[in-house]
Structures are given as structure tokens and as C-alpha cells.
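Once you have looked at the hints, place chain Z on chain R.
Residue numbers (the UniProt record's numbering), protein chains in the order written: chain R, 1 to 347; chain Z, 1 to 347.
Treat the hints loosely; a few may be bogus.
Note that the list lumps identical chains together, so a pair holds whenever it fits in one copy or between two copies.
[What the hints assert, rightly or not] Calculated pairs, SDA-like style, for lysine to any residue (alpha carbon to alpha carbon, straight line, at most 20 Å):
id, residue 1, residue 2
1, K169, L211
2, K235, D336
3, K133, D314
4, K235, A96
5, K133, E16
6, K169, Q204
7, K133, A205
8, K235, E104
9, K235, C92
10, K133, A340
Simulated from the structure, these hints should not be mistaken for lab results. Note that the structure is predicted; figures quoted are calculated from it, not measured.
2 protein chains.
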Amino acid sequence: MRATTIHAPFDMRVEEVPDPRIQRPTDAVLRVLRACVCGSDLWAYRGESAREPGQRIGHEFLGVVEETGDEVVGIERGDLVVAPFMWSDGVCDYCADGLTTSCEHGGFWGSGGSDGGQGEAVRVPFADATLVKLPADAASDDRLLSALLTLSDVMGTGHHAAIGAGVGKGTTVAVVGDGAVGLCGVLAAHRLGAERIIALGRHQARTDLALRFGATDVVAERGEAAEAAVRELTKGQGAHAVIEAVGTEQSMRTAVNITRDGGAIGFVGVPHGSGTGIDLGVMFNRNIALRGGVAPVRTYIPQLLPDVLDGTIDPSPVFDLTVGLDGVPDGYRAMDERTALKVLVTP
Amino acid sequence: MRATTIHAPFDMRVEEVPDPRIQRPTDAVLRVLRACVCGSDLWAYRGESAREPGQRIGHEFLGVVEETGDEVVGIERGDLVVAPFMWSDGVCDYCADGLTTSCEHGGFWGSGGSDGGQGEAVRVPFADATLVKLPADAASDDRLLSALLTLSDVMGTGHHAAIGAGVGKGTTVAVVGDGAVGLCGVLAAHRLGAERIIALGRHQARTDLALRFGATDVVAERGEAAEAAVRELTKGQGAHAVIEAVGTEQSMRTAVNITRDGGAIGFVGVPHGSGTGIDLGVMFNRNIALRGGVAPVRTYIPQLLPDVLDGTIDPSPVFDLTVGLDGVPDGYRAMDERTALKVLVTP
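Extracted from the complex, chain R is given alone in its bound form (with noise of 0.2 Å):
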């Protein structure tokens, strides 16, 4: 099959691989429809996280199985389902726990050795565990199909940013990114009953979308005069609930000072400096939390999906660019560049 790799910082190519097939009775092999690039493969693709020349990519991907092992009970041959960015085995402590990221089995699409979601197919491992069934009438219905595909990450990601920021009905929440994990975070926080939702961006085609996802003020500064700006819209005090999708120094320092006293900061922005945005004087003294990290989408699917089906969200506008497995490097490119939100891949 074909599939994406990664060979040095910008130099993704499109190549034969090996086709994926059944290793261990738990796996299935799954034909990938829908894929997407994730701001997070830019940290990979710019270099700034380490790769093997060679190496898969891509993780959030949804698609019909092809093929089950002699123990996978929940799923078969033709099922339209979707895969959460990591795999999980749903039977360890944490998986009991909800928290699918830290399974003790688990894994994340395009480590050593596994198959990564832009590509044609994928083994899953622990495919009862990890997938997610769609209704089958969902194949037919492009724009459905790239709402679901958010629950793979984004979605499932912005939600998490949301209950780790403590957002609930009436509450002044403040969005610090404008990918499509902060606007995902606009519309988790409006799902929740947010009575507020401030959403931090320069861009007007993404501060656009927040305030069609929800977003009720935009502040397009940055730095200090945007933290002014939030604090002008809060009686001075700030955001009850922030959250940070971006992960570096300034969002981070942003993030702690537009929150509220008492108030917590959802940090869903992988890591990239963002330690050093925090000022735990400031964060003691105003008693500012901070929770989040890696999204267990695998636990929040099934509470989104309805939501997702009925209308009720659809965050398939994130994507504003559509390309083939052919396109991906150039999916890259336009998203590295900012002239693309979010890539849809078609294989």
C-alpha cells in the first residue's frame, strides 16, 4: 500500500509500504477514508520532535475494516469506524479509569514499527478497545464524515482543554490558539453552557469560525495588550476558565494571566517551552489551576458522537483544505505556511 512518511524536517514523501495485516488475534486491519495532518505533526515535520528517517505519520484517521483477528468480537469486516489517536486495550487500570493515553498497552500511530493514519490502511491493535463504530449511512455524507473525523483528535482534544479549564453553563471562558484544537475549544466551551467565550486570534478567517463556533468576543491582540483586552471584557478580573492550546512560553504566560483568580488553565498545547509561561508565584497566590495534557479521546467519543450526529456540534468546518494521499506534503506545506486551518486527507 501507500502511505506518508517522514525522512528529515520537510521532507515528507508519499511510498509503497508494506501492506498492514493481522499480527496478534486482538488486531484488525482498517481501510483508511477519511485522514487528516494534526498541528501537532508540524512539530515533527519542522524538526523540533525527533523522528527515523522513514517513519509513518499521522493519527487521526476513520475508515472501514478489512480484516479482524480471531478475538475481536465488537467489529467486523465492513464496519465504518473511527480511531482515536491512540490505541488503548480498555481492560488495564487506566483504561478503567477513562484515561486511555496512559494504558499500559497502548500506543500512538506512527511510533516505531506501526502503521500511522495517513496512509491507505492501518492495523489497530486492540481493535475492540480502541475503534469506534459509525452508523454505516455516515460513509455516504462527505461533511459528516469530516465531523466524525474530528472526534479522532481535535474535537475530542478541545473538549478535554474545556473540562480541564473547568468550563460549565455561565461561566467566561478564554480560548488562547486559534488551530483547530482552540476553535474545537470554542465549541466544546459553548457545548457546555459557557456564557462567554473569549477566543484570542489575529487571523479573521479563524476568529471567524470561532465566533461561528460559539465565540461571543475576539481579541486580536497579543502579549500584554491582549491581556488587557480580556481583562477589560472581565471587570479586570479574567477568564474562570482558559484554555491553552498552543503549548509555548507566551501562550502559556498569556494563559496564566487572562485567568480569573480561583479560576484553572485546560492545557491541551503540547509542551514546547510552555513550562517556562508558568509563574507558579502568581499561580499560588491566585490559586490558578492547571489540568489537561494528552486527550483521552478514546473515553469522550462516545459522549461527542451524538452530538456530532444530530447536528448538535459539527466541527467539520476546521478544514479548509482537501487534498489526496498525494497531496499530503502539501498539506504540510499550507499548514506550516498558516494558509490552511487543517488538511483533510482522502486516500
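Here is chain Z on its own, set in the frame of chain R:
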């Protein structure tokens, strides 16, 4: 009157200062019956927190109301009352939320121009909101008075740490710090239904007290050996809830490394380098939350008071040395040299 003042690092004096008097109609003047020395006072004592020469000190006290301003309605001359370690107005947005430490008109005893608790009397701003009435007959019960005094800080702070760490029924808790706050954290965790409480500490008098307060295990090792010991006690996973009651880089690093994936650190040690002990990458990968800060003990006093009055919890054993007002400098020395755990002052 006579009160404790700090003139330079290690230079504590007890000297004549102006008698406190009602300055605003919401003030009260309180005659101090019991005060004490806090571990956090040692930061000033050692010169690690700056103080003006001659500044008052002491933020934990209870006593009898001597005089009230015209607008004070809930408290009258002769009432036995306990003060939390900060005053608060009781009406601002933060006080309404219970976050009295962020009160818009709040302040800290001993800060410039205010009285400190380690003296004969104190002017109390916003007396109705700040002070909490105690049963009059407690004044004749030495043990109970000591137990009630801990509500001014250490017991409420230990409770705040336990709440921040997410202690609940059946949880496994680890406590970093064997000072009075850490020990009160053990007591708070026990009160909140923790199943297992691991106290980290090397001083047997303190760990014995931890066991008396409800600890089920003691880890005497430090650093990586302590982390390994906690993991051994917890199926290799760490504790659901970790109380960080020190505030140094090492204590925070230990706290992060002994927290179970998906767990939380309740941090109440005043940060003195602890920010550097936070590895955000680890916290991200393992979904470890950080919650805490300066404890809104005013909110906790009414919650904890019934349990202290009926003996459900008895934090009084944290005091292991009693001095008169003239003995306060000796008390600081004893705590600095760790020959005393916590010093009670009877002015």
C-alpha cells in the same frame, strides 16, 4: 502594647508598639489569647522574603474581642473569635465565591501598617467578615484552644491541599512535607476518606504524628529513593492525590514524580523555587493536574469547626513548644533549627 517585630534576618524583637484602636467602623480590636509561629514566617526570618525593619509579624491567632466599630454587628466585646491568616471584606466577587484570599480589600496580618498576630492585640479590619465566633467555654480548655488556633492557617491549609489534590473516599494520598501543614494535610486527607495515606518524612517524631493523624505508611527516603518507595507501595503507579507542602524545587519534583497518571497535586507550600520542579512535559503526558495556592481558610473555618469542637479531628499535637511573648525569638530559632515542629505563643 507589646508585639513581635522583625528588624533583619534572624533579628526578631518583642517591643512596645502603639496600642491598636478602631480606625474604621468595620474594625474590631482583639486581645490575643493564643498565637503561633508559621513555617512560612521562617522565609522572612531567614531573609528569603523581604521585610521592612520593624515590621510586625504573625498571622495565626485567636482571642477575645475588646472593642468593635459602629458598623460591626455580628461580633461583640467579650466574644471568643479566631482569625484566618488574611482579612477579607466578605462582599466582593471573590469573597462571594469563597476565595477570600483574593478579596479586593483583603490583606495579610503584619503587612505594612497592620498589626501582626504575635503580639498582645490586633486591629482587625472587616471584623464581621473576617472573624469567626467560637464557643465561649473553649477559652478554658487549653487543648481545644490549640486545636482551634490551627484553623487560622495550618489546618485550613492542609485541607486546601487535600481538596486541591482531589482527595476523596478510597483515594491513595501521598504527602510531601512533614511540617505542620503537611501533618494537617494527613489529618485532612483522613477526614475526607482517603484509604491510604503515605507520609514522606525522616523525623520520627513527625512521622509518628503523621501515623497518629491517619497516615498508613511512612517513606523515610528522599529524592529518587522516595519516589521508588511510593511507587512500590502503589502498584508502580503513584498516588491519586499528592499534597505538596514545602515549596522547593525538590519537593515539587518529588510530587510530580509520585503522582499517578490522571491524578493531582495540591500545592500549598509557598513557592520558593518549586516552579522549577515542574516538568510540564511529564504532567502533559500523564495528565497530572496542579491545584492549590494560598488557602482561603476563612471559608474553611465553618466547615472544619464542628469537627474540631467534637473531637473528630484534633490538630493540637502539631504544637510541641509553648512560649510567652518574650519567648517568640527563641521560638523562631527552634523552628528554624527544626528542634520544634510548631511553636505556640501565649502572650
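Broken hints, numbered, in rising order?
Hints 2, 5, 6, 7, 10 are the ones this structure does not satisfy, whereas the remaining hints hold.
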